[in-house]
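Asker: Letter by letter, the chains look like this.
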Amino acid sequence: DTGVSQDPRHKITKRGQNVTFRCDPISEHNRLYWYRQTLGQGPEFLTYFQNEAQLEKSRLLSDRFSAERPKGSFSTLEIQRTEQGDSAMYLCASSPGLAARNEQFFGPGTRLTVL
Amino acid sequence: QKEVEQDPGPLSVPEGAIVSLNCTYSNSAFQYFMWYRQYSRKGPELLMYTYSSGNKEDGRFTAQVDKSSKYISLFIRDSQPSDSATYLCAMKRGYALNFGKGTSLLVTP
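Line order of the protein sequences matches chains A and B. Residues 13 to 127 (this note's numbering) make up the first sequence, in order. Residues 1126 to 1234 (this note's numbering) make up the second sequence, in order.
Since the hints were made in silico from the structure, they are not lab data. This structure is a prediction, so every number in the text was calculated from the model and none was measured. Fair warning: there could be bad hints in the mix.
[What the hints assert, rightly or not] Facing chain B, a subset of chain A residues (Cβ under 10 Å, in silico):
#1 Gly15
#2 Gln18
#3 Arg43
#4 Tyr45
#5 Gln49
#6 Gln53
#7 Phe57
#8 Tyr60
#9 Met101
#10 Leu103
#11 Ala105
#12 Asn114
#13 Glu115
#14 Gly119
#15 Pro120
#16 Gly121
Glycine included, C-beta positions come from ideal geometry on N, C-alpha and C.
So here's chain A without its partners, still in its complex pose (with noise of 0.2 Å):
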């Protein structure tokens, strides 16, 4: 399989502790992001990547949360002292870094729990 690929499919949590969520882009896409999503709401923007270069960050990142690509592979977001407003499924996407391409293909997603 060749898609965008996440891990773990699932995480659950106590308020307060540090969780780590990794993705893998479909290989040659040099172009990656993250989005959150909520129950019955669409995926929400959290950042975009450019190879390891992070371009843009939604005022939704807030402080507690970082995310990295360092060789301009993969890419890990991690979410510090979680609270249990940040349940939610975080998803990765990817795409190609050719202009005329704007398609961003999905993971499969992390469901996070915060207990």
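Given the coordinates of chain A, assemble chain B onto it according to the supplied hints.
Answerer: Coordinates of chain B only, in the frame set by chain A:
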């Protein structure tokens, strides 16, 4: 008011019906328009992608964009029970996609 509005439904239709799903938007800067299908507890799957006014057809799916009215539609012909899912419209300016809430569709045999 959100930039992208989509009726959440649910919408229930019999198998074989033509389904019409719609979104409106307020920001004329949106240039690219997409429809995603999302099954329960899965990631969104790209169905259709357009960047101009008019129609685009792919199998049983037709995407329609009317930029003058800020209105987009997705039509599904000969709907099947396997089409039962949530359909999300998405619009793009810059890097980020702006999604509607999604419309829940149920196709009954």
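Asker: Now tell me if each hint is right for this structure.
Answerer: Comparing the hints with the structure gives:
Nearest Cβ of chain B to the Cβ of Gly15 of chain A: about 9 Å, under the 10 Å cut. The hint holds. Among the interface hints, the one on Gln18 of chain A holds; its C-beta lies about 8 Å from the nearest C-beta in chain B, closer than the 10 Å criterion. Given hint, Arg43 of chain A at the interface with chain B, holds; its Cβ is 8 Å from that chain's nearest Cβ, closer than 10 Å. Nearest Cβ of chain B to the Cβ of Tyr45 of chain A: about 7 Å, under the 10 Å cut. The hint holds.
Below 10 Å, beta-carbon pairs count as interface contacts, and Gln49 of chain A has one with chain B at about 8 Å; its hint therefore holds. Interface hint at Gln53 of chain A: satisfied, since its Cβ lies 6 Å from the closest Cβ of chain B, which is below the 10 Å cut-off. Interface restraint check for Phe57 of chain A: the shortest CB-CB distance to chain B comes to about 4 Å, inside 10 Å, so the restraint holds. Annotation: interface hint on Tyr60 of chain A holds; nearest CB of chain B at approximately 4 Å, less than 10 Å.
Because the beta carbon of Met101 of chain A sits about 8 Å from the nearest beta carbon in chain B, less than 10 Å, this interface hint is met. Of the supplied interface hints, the one on Leu103 of chain A holds, with its beta-carbon coming within about 6 Å of a beta-carbon of chain B, less than 10 Å. Against a cut-off of 10 Å between C-beta atoms, the interface hint on Ala105 of chain A holds, since the closest Cβ of chain B lies about 8 Å away. Taking 10 Å as the C-beta contact cut-off toward chain B, the hint placing Asn114 of chain A at the interface holds, the least distance being around 5 Å.
Taken as an interface hint, Glu115 of chain A checks out: its beta carbon lies about 5 Å from the nearest beta carbon of chain B, inside 10 Å. Satisfaction of the interface hint for Gly119 of chain A is found here, the shortest Cβ-Cβ separation to chain B being roughly 5 Å, below the 10 Å cut-off. Against a cut-off of 10 Å between C-beta atoms, the interface hint on Pro120 of chain A holds, since the closest Cβ of chain B lies about 5 Å away. Annotation: Gly121 of chain A was flagged as interfacial toward chain B, and the flag holds, the nearest CB pair being 5 Å apart, inside 10 Å.
In terms of the numbered hints stated before, the structure departs from none.
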